[in-house]
Amino acid sequence: MKRCIFLLLLLGTVSNAEAIQQDAPYINWEKHHQQQLSSDVQKVNEKLQDLERRFGKKPNIIYILADDIGWGELGCYLGGKVRGTPTPTLDSLASEGTKFLSAYSEPSCTPSRIAIMTGRHPFRTGQDGVYWPGSDEGLPIEEITIAQMLSDAGYHTAMWGKWHLGELEKFAPEKRGFDYALYTLYNGAPFSWADVEQHYQKETIPGAAYFFDFPGEKKYEQMYGITLEGIFEGKKGQQRKEVGKISGIGMQELEEKSAQGIMKFIKENSKSDRPFFIYWATETQQLASSPIEYRFDEHVDSRNNQAAQVVQHNKNLQKVLDTIKSEGIDENTLIVWISDNGPMYAFWPNSGYSWLRGGKGEVYEGGVRVPAIAWWPGMIERGQDPIDIIQMTDLFTTAARLGGVLDKVPNDRVIDGIDQTAFLLLGEGHSHRNYIFHYNGNHLGALRLNDIKLHIKGTGGSIPEIETYNIMRDPGEKFGKLYPYLWMVQPAQDVVKGHFQMIKKFPNRKKEVESESTFGPHD
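If you're matching positions, the sequence shown starts at 151 in our numbering and goes up one per residue.
Errors might be hidden in some of the hints.
As the list claims (entries may be wrong) - Calculated lysine-lysine pairs in the DSBU-like style (CA-CA distance at most 35 Å, straight line):
1) Lys-395 with Lys-417
2) Lys-465 with Lys-207
3) Lys-325 with Lys-386
4) Lys-465 with Lys-386
5) Lys-417 with Lys-475
6) Lys-325 with Lys-231
7) Lys-197 with Lys-395
8) Lys-207 with Lys-395
9) Lys-231 with Lys-661
10) Lys-193 with Lys-475
Claimed, not checked - If you anchor each label on the Cβ, the simulated ranges turn out as follows:
11) Phe-205 with Leu-636: 10 to 20 Å
12) Phe-446 with Gly-579: 14 to 24 Å
13) Lys-395 with Pro-641: 28 to 38 Å
14) Leu-636 with Lys-395: 35 to 45 Å
15) Lys-660 with Lys-391: 46 to 56 Å
16) Pro-641 with Met-373: 47 to 57 Å
Simulated from the structure, these hints should not be mistaken for lab results.
Given the structure is predicted, the values throughout are model-derived calculations rather than measurements.
Note that beta-carbon positions come from the ideal geometry of N, C-alpha and C, so glycine has one too.
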């Protein structure tokens, strides 16, 4: 009988994998880990079935995407007071759940948002850069978002914060699966552009004016035909409306309104017979003027705008957590908090920080290895700090598993995201990922395979020009030598070959519009 059950689980696992078209390295990993995979599936199924019997519905899912927070910014990552950025709520969240030591994002903000929404590396979607004001680009309509899938499955869906997946209304979140959205269209830079004129003429904006020569909103529109849009509110099936103007102060206010809106949404839906999905893409950890009421908190670096913004977010997160607990739904609510990329050093010292090499826009660890926390009382064991790999795209597929819509994931394209439910619920040693392709735009910049990371620079004649690091021994990527790792050249080439063969079989979506994003991935 036990053998029959095992075979049924194995067949179920294989059929799910076939329904989702994964990349070649995962297919190879799966082939060599069938026993672990089957055991993980059985244990995860039992846990989730018990939970659904208890609450009568699928779990609530809250994804919080922070902005430009480095590996070393939070207290639980050896930052906090050390960096002038105390984060007691986030530190508690980590101690009560899982603090990931090897969580990876894309190298900049639009790409990470594409990854989390679609489970695909951005280059596959035909979008490989950052969207700027006035761009006609956006996440292609053919790309299916996790919000669409969960909404179709009966979830209440809502988002707050930085959308950054297209300025045109057809790309808006309320058109992409969200019942409700309060959002901005851009990265943080244009909000600071809008402050420059007032900064110099009225001296009412705290913080430095970085964009000295920005002519002002009206002149910008006259000179270049680009209108800077503000803050929008959207509801599914209705035309969106602008509810706030673009400004640094507006960004701060949006953070407060987002927290209030999230708490209200949770209270309204906590007793519903349908679960909810919240996507909170907080934007304030960027360049805009910092909230004065947080700049002089104890241990806060008052000269660093981002420090006060992180403190503001930390306190608002505590309010959201208190609401979840007071509604009695904490044990049926998964929260994943993750940064969209590493720190943006272009505006140092008003920026985040990483103990690792590199920053935003780079595929060195400092640009893509980010702080990430998962919290789910009763389901995720407390105090974990696994070294296993997880990547931004995995959040898509994991949410699909938790929401019961794995069979709805499109199978006419490669899905890079791996279902990491077992990693969340069973802990260290249960990640189903041992590799990452690090793309910068449409260029494959690096490959991590187990503990070895290879930065691909060029052909280098007969010997490939590759910086090679043992990430476990050298997480700061200081000693990049190929010769001690010549034994990795062929395995790495085999993995890359399989990856490109999969691209040939499932071609990348063609870029519809050539725009500013062709200048590069930085923002």
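Consistency of the hints with the structure:
no.	hint	result
1	Lys-395 with Lys-417	holds (28 Å)
2	Lys-465 with Lys-207	holds (30 Å)
3	Lys-325 with Lys-386	holds (6 Å)
4	Lys-465 with Lys-386	holds (30 Å)
5	Lys-417 with Lys-475	holds (11 Å)
6	Lys-325 with Lys-231	violated (41 Å)
7	Lys-197 with Lys-395	violated (46 Å)
8	Lys-207 with Lys-395	violated (39 Å)
9	Lys-231 with Lys-661	violated (44 Å)
10	Lys-193 with Lys-475	holds (26 Å)
11	Phe-205 with Leu-636: 10 to 20 Å	violated (54 Å)
12	Phe-446 with Gly-579: 14 to 24 Å	violated (45 Å)
13	Lys-395 with Pro-641: 28 to 38 Å	violated (54 Å)
14	Leu-636 with Lys-395: 35 to 45 Å	violated (58 Å)
15	Lys-660 with Lys-391: 46 to 56 Å	violated (33 Å)
16	Pro-641 with Met-373: 47 to 57 Å	holds (54 Å)
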